Structure formats: structure tokens, C-alpha cells
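Peer 1: All chains should be modelled from the sequences, with the hints used to inform the complete structure.
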Amino acid sequence: MLLSLAQTALPIGISGIEKRFGGVSVLHDLGLDVAAGEFLTLLGPSGSGKTTLLMIMAGFVRANAGSIKVDGEEIVTMPPHKRNIGMVFQNYALFPHMNVFHNIAFPLKQRRVSTAETAERVERALDLVQLKGLGERRVDQLSGGQRQRVALARAIVFEPRIVLMDEPLSALDKSLREHMQIELRHLHRRLGMTTVYVTHDQREAITMSDRIAVMNAGRIEQIDQPEVLYAKPQTKFVAGFIGESSFVPVECRNGSVWHEDRKFRMTAAAPSNGRHLMVVRPEKLRVIAGEPAGDVNALPAIVGDVIYQGDSFVCYATLKDGRQVTLRDYCRSDVLAKLPAPGEPITLGIDAQDVVLVADQ
Amino acid sequence: MSLASASLSHAGRPDGALNADALRADARRESRGLLALLSPGLLLVFAVIIVPIGWLFWLSLFDEAGQLSAANYARFFEQASYIKTFVTTFKVAFVVTGACVLLGYPLAYMLSQLPRRAAGVCLIFVILPFWTSVLVRTYAWLVILQRKGLVNTWLIDLGVIGQPLPLANNFAGVVIGMTHIMLPFLVLPLYASMKSIDTDCLRAGMNLGASPAATFRQIFLPLSLPGLASGVVIVFVLCLGFFVTPALMGGGKVIMWAMRMEQTTSLYSNWGAGAALGVVLLGVTLALLGLFQWLLGARATGVWSQR
Chain A
1 MLLSLAQTAL PIGISGIEKR FGGVSVLHDL GLDVAAGEFL TLLGPSGSGK TTLLMIMAGF
61 VRANAGSIKV DGEEIVTMPP HKRNIGMVFQ NYALFPHMNV FHNIAFPLKQ RRVSTAETAE
121 RVERALDLVQ LKGLGERRVD QLSGGQRQRV ALARAIVFEP RIVLMDEPLS ALDKSLREHM
181 QIELRHLHRR LGMTTVYVTH DQREAITMSD RIAVMNAGRI EQIDQPEVLY AKPQTKFVAG
241 FIGESSFVPV ECRNGSVWHE DRKFRMTAAA PSNGRHLMVV RPEKLRVIAG EPAGDVNALP
301 AIVGDVIYQG DSFVCYATLK DGRQVTLRDY CRSDVLAKLP APGEPITLGI DAQDVVLVAD
361 Q
Chain B
1001 MSLASASLSH AGRPDGALNA DALRADARRE SRGLLALLSP GLLLVFAVII VPIGWLFWLS
1061 LFDEAGQLSA ANYARFFEQA SYIKTFVTTF KVAFVVTGAC VLLGYPLAYM LSQLPRRAAG
1121 VCLIFVILPF WTSVLVRTYA WLVILQRKGL VNTWLIDLGV IGQPLPLANN FAGVVIGMTH
1181 IMLPFLVLPL YASMKSIDTD CLRAGMNLGA SPAATFRQIF LPLSLPGLAS GVVIVFVLCL
1241 GFFVTPALMG GGKVIMWAMR MEQTTSLYSN WGAGAALGVV LLGVTLALLG LFQWLLGARA
1301 TGVWSQR
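Heads up: the protein sequence lines correspond to chains A and B, in order.
Under this note's numbering, read the first sequence as residues 1 to 361, first letter to last.
Under this note's numbering, read the second sequence as residues 1001 to 1307, first letter to last.
Be careful, since some hints might not be right.
What the hints assert, rightly or not - Reference excerpt, derived from the structure (chain B facing chain A, CB under 10 Å, subset only):
hint : residue
1    : A1071
2    : D1200
3    : G1205
4    : A1210
5    : T1215
6    : Q1218
7    : I1219
8    : L1223
Calculated directly from the structure, the hints in this document are not laboratory data.
These figures come from a predicted structure and were not determined experimentally.
Ideal Cβ positions, reconstructed from N, Cα and C, are used throughout, including at glycine.
Peer 2: In C-alpha cells:
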């Protein structure tokens, strides 16, 4: 059974990685553990160092310090052609002077695999990425999505221990990109190789990953499962980068949380005394009538704009201190019937279990 | 009522389409306008290229007595000196092109790998001689290579050789001088094509298990071949018609096609024979260009995808 990477998936242990370009520090004492068979995404804005980290893992960029271990074996000084790590490049980097078959056969040729076995394995890889019968095509005769699939087939045909992907879907249009996200996810489930995926698209990261490492300015801000990352961001950066957020300033005094003159209920433990920010997700807010009951906190506000978006609507409201918060809800008929009107004073409610605080930087 | 009659009149027309005649007339007007704009250029090409070449061809058909004959062309097969010149010309062109490839490929490779600013400075050193007169450069080589020139004096002073090496006024001198002059013609297109090779392709090669040497052989080299081919064609074709350097550096021993032409017309005033030489050179050059075109166009992609 070829292309059954499950047995060969290996864990990666990264620690103490430092990288400077000229005098500019790009990665600071970076550590990261990837479990065998895991799909881990490095997510961050451009310049956060995520691609540099990937290049260091592949061996194209030399770190100034640090260690990368694959299954306990140090590879940080190993030349790239000996690392046995598959990689899908952002621009695919297919060899323009070879046809599809020879592109995919390239890694097998380097490993002196016999002609018959090469043909068989290339055929199977083509089948896996749904390009059966296109082996004789020239690269410039392929569409963007097909090139993407060839690059993927080439990166996995030699059954690498680890696969790295550098924003592989960024050149595709939206619908194809969403389709390929699902397909990559299926492929990963089927083959089970340890995958490190780089993207700046938070929705893509959430859709595909087992875990996401959010990077900012050369550091990992938080690494968690997508749902934990979304529900319990630990820093303002993570809360702002993953999903939409409004921030409401609150103050902690001796284990209780205050916004203006209202005491807020929260299920999580209150943090240390001082100023904090409450992360408010648009879908966690709702309009309530009268005073809040039970575990619901109230935020009085004035309605600004109400924007109808077909399946849902967005309401921008201004709090007493002038801060703007966003509310989003689906257009069910009962909601549509009492849509807030601009200029109207309303009370926004948020459940105690949805109150998440981050440090105010 | 008016609507109905309008649709009727469309149906009644032979072409049946709205404004078809007017649009066709507009297209004709546009092509006439473009032709009028092109005409000065076309006239110039006709006057300074087509007419003189036709005249050259016409002249080559008359012998010294002014009679229509094929004598000028028959001479190529009958006179040994003509055949010898022809062979010398191709020999020089081959050797110079080969020397340019051997020197130029590593040079272009280095330039393509240097950081942008360093590459810019080095490129100036490649282009600088390009802007200097061929005559000046050839005399400079004569000074360097002659019996009591720089090279021979140094080598004798260092005790490497006892007798001065014959570097000027012979085949070697011609090759050295011409290689220097031709090198930029090879390096510049080659550099451009190397620069356009995607570095990610080379990274992908190594990532997929090819050693640096294997990556160079299987990816960089084939991708740089189109640039190399165009450089080779330019150098080879320029060599075939080269005059100044072989005339000065050959010491009268290396007679190339262009020198033969000059002798025939200015020394012997035989315009018919000179014209025939020109026609044959033009024909051979065009045939070579056609051959290269065919090799590159039809083969390049196919050959390398087989590997």
C-alpha cells in the first residue's frame, strides 16, 4: 500500500529559534511542538515571521540559533535535499520544462526509484489529487487549480515525513479556494502526514487546522485549537486577528469586574486588579428589553447604522464612552420584525459565560 | 406602428444585422489609417534593405566582361582558396562561440546569483568594453599579445617559457580578440534568461531531494538554455561576417569571408565576385538562423520534457 503516510508521520520539536536579517530581528526565541500527524497552521499578518519559520524548517534559510528536531533527530544543519520534507510553494514552483508526469516523478527520480514503480506511484498520486490522465500535459496548459494539485502531488508522492505549505491557495479565486480547503483537509485525514501550513487568512486557518499558532512580530502569541482560539483569546492581538471583535474597557477590583458603574458577571475567574479589555464578538451580543435577568450583562448604547446583508444584519452601536461595538444576528422573522432603528437607545446583552477579558496593551 | 416597421426593415436586409455596413466601413477605415501610418517605415525598409540586397544579387549574376553567367558562383566550387576561406570562417566562428560559452556561462551565472547592487556594478564591467571602439580594443590586444607584448615578457621574466608564445598574427590571436568582443553578446541575453528563472523552482528541486549539483543540471541548466541559444546564435552570426579583428590580429594568415569580400571589391575591383560572396554569406546566415529557430521552437520543450 503506497501513499500510506500514517505510519511514517513524525513529530516536530522546534525550540529557541532566532533569526535576524541584517540588524532586524525576525524571530525571537521561538518554540513550537507539532504532534505526529497533526495539521498545524501558522497564522499571522505579513511580516510576522511565519514564512521565515517555514523556510528555516525546509532548510532554505539558516537560523542564527535554535533547534529543529524531527522525531528527536536534530535537522537544523541538514542540507534541504536530505531533509525528506515535502513542500508546496506559494507560486507552486512547478518545473516549466517538464510535463506533469515528470514534475511528479522528479522526487522519485532523485531517490532512484525504478521506472515501473515510478509510473505506478505517479499514477496513484495523480489519482489522489483528481488529475487522472493529465500526466502528459505541459505545465502551462494547466489552470491555477490544476497546478495547485500537481504541486501537492509532487510534494507527497515520495511519502515525506512532513509536508510544509506556504500559502498554497492564495493565488486561487474564492470559490476554488474554499473547495481546495476542504479537499486538502480530506487528503490530510486520509494520508495523516504531519502538516505545517502557513496562511494569513484566519477563516482558512479555522476551516483546516487541528491547531493554530497565531504569530505576531516574530513571536507565537497563542497556540490552540481553532474553537479555543476563537472563544478564549489570550491577547488583544489574537482577539482582533481571529474573527471580528469590539473591545470594551473594564476594570477589575478585588475579584469583580466593572464597566462604568455596572458590575459584570462572568463565569471565568476574574483576572488581577487593574484595567482590562472585554472581547465582544458580534454574534454574542443581542438586543434585550428592560433590565437584564440572571447571568446576562447589560451595555446601554445608541444605535448607529443598521446594515442589511441578506442572511444577516449588522448593527453598529455606540456605547456611553463613545466606543463602537458591533452586533450581528441572522435575519429570522422575529428578529427582522423588531430591527433597531438608527438613533434609538437600546440595551445590549452579553451572557456571563461569553465574557472574555484580555490585557489592555 | 413604427416599431413594427423598424423590425420589418431589419428582417428585409440581406445581412439582417443592425449597423453591420457602417461597422464594416469603420473597420476598413481603421486598417487604411494604420497602413498609412506604417508606410514611412515600410518605404525606408524597402529603400535601404530590399533594394540594395536585390542589387547585390543582380550584380553577382554578371562576370567581369559584363555577361550574364554563373561564373561567380562556380568559383566557390572550383577555387581552393575560396573553399579554404569558407572553412576558416566557420572554424573561427565555432571556436570563438565555444570560447564565449565556456567563459560566458559561468560569468552570467555568477552575475545572476550576486546581490542586486553587486550585479549592477559587475554588469557595467561587462558592458563597458561594449561601448569602446572595436579598433581600439583590437590594437590593445595586439599590444598585450605580440612577441614582445605584456604576456610574453611576463612569462619569460617569470621563467615559465623560454621562447615567446605565438599569440598574435595567427589563428589564436584572432580567436582571443574576437572572443573579447563577442562575450557581451552572449552574456547579456544569457544573464537575462538566468535572472528570470524562479528561485523557488531551484528550492523545490532541493526540497524534493536533488543535491545542489543535480538541481543545477536538471533544473537551472535546461531553464537557461533558451538564453544560451539566443546568445550563441548572435555570436555565431556576428562572427561569420566579422572583419576588423581578423584583419588586424590574423597577420594576413587568417583570411575570413568578409576580408575576402573586401579584397575582391577594392583590390581586384571585381564587383560581381564580391557580390556573390555577400549573397552566399547572407544565405548561409539565414539558413543557420532558420535552423536554430526550428531547433528551439519545435524541439526545446519536447527534448527536455523527455528527460
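Peer 1: All hints are to be evaluated individually against the structure, with a verdict given for each.
Peer 2: Going down the list of hints, with the structure as the test:
Using the Cβ-Cβ criterion of 10 Å, the hint placing A1071(B) at the interface with chain A is not satisfied: the shortest such distance is roughly 50 Å. Here the hint on D1200(B) is kept, as its CB sits about 4 Å from the closest CB of chain A, short of 10 Å. Because the smallest distance between the Cβ of G1205(B) and any Cβ of chain A comes to about 7 Å, under 10 Å, the interface hint for this residue holds. For A1210(B), the suggested interface contact is upheld, since its CB lies about 5 Å from the closest CB of chain A, less than 10 Å.
With its C-beta approaching chain A no nearer than about 8 Å, T1215(B) sits inside the 10 Å limit, and its interface hint holds. Interface restraint check: Q1218(B) against chain A, minimum CB-CB distance 8 Å, threshold 10 Å, status holds. Evaluation of the I1219(B) hint against chain A yields a held restraint, the C-beta minimum of about 6 Å falling below 10 Å. Given the 10 Å rule on beta carbons, the hint for L1223(B) holds: about 6 Å separates it from the nearest Cβ of chain A.
Violated hint for the displayed structure: number 1, the only one.
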